[in-house]
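K.L.:
Read off the chains here:
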Amino acid sequence: MDGFPILSLMMAVPMAGAIACLFAGANSARWIALIATLVDLLLGIMLWANFDQAGTAAQWQFQEYAPIFGRFAWALGIDGIALMLIVLTVFLMPICIGASWQAIQKRVGEYMAAFLFMEVLMIGVFTAQDIYLFYVMFEAGLIPMYLIIGIWGGADRIYASYKFFLYTLLGSVLMLIAMMWMVHEAGTTEIPALMAYNFAPGAQTWLFLAFFASFAVKMPMWPVHTWLPDAHVQAPTAGSVILAGVLLKMGGYGFIRFSLPMFPEASAQLAWLVWGLSMVAVVYTSLVALVQSDMKKLIAYSSVAHMAIVTVGLFAFNQAGIEGAMMVMLGHGLVSGALFLCVGVIYDRLHTREISRYGGLSINMPKYAVLFLLFTMASVGLPGTSNFVGEFLSLMGIYQASSWVALVCTTGIILGAAYMLYLYRRIAYGEQVNADAAAMPDLSMREIALLAPIAAAVLWMGVYPESFLAPMRSDIRALEARLAPAAPAGDSHIKMGASKPAGGATHEEASAHGEAH
Amino acid sequence: MIQLIVLLPLLAAAIAGLGNKALGKLPAKIVTTGALFVACAMSWMIFIPFVTGQAEASVTPLFTWIESGSFDAQWALRVDTMTAVMLVVITSVSSLVHLYSWGYMDEEPDQPRFFAYLSLFTFAMLMLVTANNLLQMFFGWEGVGLASYLLIGFWFRKPSANAAAIKAFVVNRVGDLGFMMGIFGTYLVFNTISIPEILEAAPSMAGSTIGFLGHRFDTMTVLCLLLFVGAMGKSAQLGLHTWLPDAMEGPTPVSALIHAATMVTAGVFMVCRLSPMFETSPTALGFVTFIGAATCLFAATVGTVQTDIKRVIAYSTCSQLGYMFFAAGVGAYGAAMFHLFTHAFFKALLFLGAGSVIHAMHHEQDMRYYGGLRKSIPITFWTMTLGTLAITGVGIPLVGVGFAGFYSKDGILEAAFAAGGAGVGAYYVGVFAALLTSFYSWRLVFLTFFGKPRWAASEHIQHALHDAHGHDDHDTHGHGSEHDNAPAQEDAGDEPHAHGAAAHALPTGTGGYHPHESGLVMLIPLVVLSLGAVFAGFVFHDQFIGAEGGMEFWKGALAFNSHLMHAAHEVPTWVKFGPFTVMAIGLLIAWLSYIKNTDWPQRFVATFGALYQVLLNKWYFDELYHFLFVKPAFAIGRFFWKFGDVGFIDRFGPNGLAALVVQGNKITRRIQSGYLYTYALVMLIGLAAAATWAMTR
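Sequence lines, in order, name chains A and B.
So that you can map any letter, position 245 of the first sequence is 245 in this note's numbering, and since no number is skipped, the others follow by simple counting.
So that you can map any letter, position 499 of the second sequence is 1016 in this note's numbering, and since no number is skipped, the others follow by simple counting.
What the hints contain is simulated information worked out from the structure, not anything from laboratory work.
Take these hints with a grain of salt, some might be off.
[Unchecked claim] Think about it this way: if two alpha-carbon atoms lie no more than 25 Å apart in a straight line, the pair counts; the simulated PhoX-like pairs of lysine-lysine are:
id	chain 1	residue 1	chain 2	residue 2
1	A	K367	B	K538
2	B	K542	A	K367
3	B	K1113	B	K969
Input sequences plus hints: build the corresponding full structure.
P.N.:
Here it is in structure tokens:
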């Protein structure tokens, strides 16, 4: 694969598809979009297969470089972290197209074009090696999302899309200013070079906060999360899937690509801020999720709680935490995407998101009930599903930094179980109280084809996560090494008892362990 | 072989569950039950060499699960004496329960799902007991929790069953919070989660201190207590016990398998598996003893006044688990495992017997409507009597011959006394609880099988008679045939009956109803389990708790204390006679109250009304938790949503900003007519252009 511009090709295919869709009729647009995303999925699998994940391999692979003008360059390249997020993106895209097959009936060509264009930009975000190229992709990626919510959304779509816009605008302005300062200071726009550049500690704090403003909104972290429930509620099903599945991961990707490696000292100094907001988010949004009567809002709030686990994992400053955070991102991408699809399935039949309008669906929709149960359990973080691996590693990572943060965030497993099982009970269990809900047919072949691959991936990731952890391992190890000098010491400080001098060796090992991580 | 034992149930569950309606009832039943009987046979083949002392512990690696830095969790199947004991318990009870369910669930339209859940449960439980690291144990731990959730809520149309299922899962998750924190801490301290490595390194950490939640504590105490919180959740110990009685909403075979014989004993298994670790922390062991003794007493008191036959047995289970825990707490891990082993047989027997009674009584579960059943269902009567003799620990002290519970329970009590300190307190509590055990167990037998029939007043019986006499009415009631599985569902039996539980206030009479003995598929498991209830103690006591035999049998699989077992045999004679005496007293009181002077219960209620109410309402734990946790969670959630998100963040954030923009620029119409996204687009393009200009100049 040497020299073959596979990354550019992966962006060119959906781009060409998007242009074709604009000029095609409704039905041909659907097929063009499906084929383009499937081709991209194949390319993504080839990318994964050809990615050299040996510890000795180069960190950045499949690099491409073409100067455009000035310092601005078409510089692409991926490491294992980006690879996994790209695979997630190309995996979810054909499913999104399939989910929109019948649900979208107006302006189909434009809709499909918006989706394909979004795929281009999302791949762009994860592959960009030029900081300005990243910025353009990062911000532009939201434009198709505004359009999707604003044109094909629900009744309150205008309010939702403008709220989405207001939040993200604020953050991105600050980030852009910070980026310009950094390029000026370091004299390069290349992300790998910036990741190795040591900014002065004083400057780091301001730069960190500027990036934080943008990433915290995208994440979203409490208290800048309120755009998410509205955006999800108003977005069409496929929009919600891609929003939860991929767009929310951009914030986490930003932290892992910019904030942590570029500003390690500031990250460590301000870790308390991230921890504090995350702890609040886990408890607060989980309790809010418990009282929702709208299915999509409930899942949206649960997303905020899950993303808080990502941020504590990242700011644990150790390998387990960061790998866990990545696994939560991947797992949540699949599971929340699947949950929104599950909501979409019954929304398409009854056109309401009110939980109380359903009930007893296990009786008339048994296949649906089984898949919905699987995704519910995955969301709850049952071992054997994707989310458990990530949540466990993240929380274990943060425990090494702070037992308090770990304790508060682990309560998420109790609250998560409460709100998800309560949701499942109201939808799938009980008597069939609503005649129209009782008359709904079970999953069609198309719907099974959308959900079954995600179910398989969720179990795969839960039982053999090594496939996903291996490509990222050396990159995360490098990141851990970069963070090590600044990483905060844990609060454990094991001290051996006076009566056991023989245990001295273990003591050395144990305390070194506690501090190094 | 061990791979087959573990994976056959999973395979069977997948076939039955995914095949479901397409597969049909009979193939699903054959596949799951067949797989379990094969697994059971192979388990005994593994267990017997351990009894004869020929087998060695082994670990069969499967493949990598989670690796992250120095963290390494592999899928592997460990077989040592503890695992072997659990294997036979799990597969034996599970295969018999599968068989029993052929008869018990016969009316049920959704059988493949039921059998798939049962097999899935068995798989998860096997993964738990074969775990070689803490994480795989946690996998099994949560897996059995899932199966328990699904089976408690099997009759998912019933609101009470759904509520019980969620309660079981969420309360268990509270325990799992402790378990997870315990794993985190253990990894931090030992840098591994492999059980053998932890147990080897544990003694070297004794006496060290660790920072936890801002304070300094003894390292091993912190770790053991965190892990024990997990055990308390799964084994329904005081404080986290509230889910177990409600779990009786599940079909009775489920109660026998999951909520008596296997899953609820997982906590005991965990403490015994990690016993070298617990041995390093006297504080943690003291706590285990205290919780065990407290649960043992608490649950026994509640068991004495319940009228629902399954709830009596559920509280009895809770109480017996308390015995196992305080045995572990005083260091008699062998005795704890022995009681786990014998209890599995006689408690499964009692539950399945109760199921047979319920089956015969057309789903009536309230013992106040039973009476005089011994002639109608003799085999159920005799097997349940054997189970009662086993649980009450009938046997001849000094000679040392008796039913299963005689060996294991007396072993626990003698070891507790011999251990001294808190153990002596536990002995007295345990003896008093044994009195209550004897009372409520015989009360159950007398109310059910003796006296005059009191069936006529039962709604279930009337329903049965009504159905039998008036088939024509049936359809006019609109019971759609396939939708009406209501008769197959069991009575919640949940509501404390305000009019008092005095059984004898009810009119006597059969109402013309003729209970029938259950079929062979239900009776065979009863008979097989009675063999266990009678002989399990006699046959295996030397291996499990013998001072020398135990050393050879356990081979270091748990921290077997030979000295303690020696001392337990040497306790004063009155200590050995204690349990026997109270057993006899309990039997006598039950006989006097429910056969001789049947007005005694009413007089007791009249005299001690307040005490009776406290016991009947289970010491008001549910009410307390509802008031402390459930209601506030919803109230706070609503508050955060309405006043936090909407009333504060949105009001002063985006909405406030928008209001400013609207007033300042008078672009109201633009926002309302939907042009904002164009506006946003222009702005972003402008920003990108500005950026480009800035960097190229």
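K.L.:
Compare the structure with each hint and give your call.
P.N.:
Results for each hint:
A threshold of 25 Å between alpha carbons decides the hint, and for K367 of chain A with K538 of chain B the separation of about 11 Å falls inside it, so the pair holds. Distance restraint check for K542 of chain B and K367 of chain A: the Cα-Cα separation of roughly 18 Å lies within the 25 Å cut-off, and the hinted pair is therefore satisfied. A hinted pair counts as satisfied when its Cα atoms are at most 25 Å apart, and K1113 of chain B with K969 of chain B qualifies at roughly 13 Å.
Consistency with the previously given hints is maintained throughout, with no hint failing.
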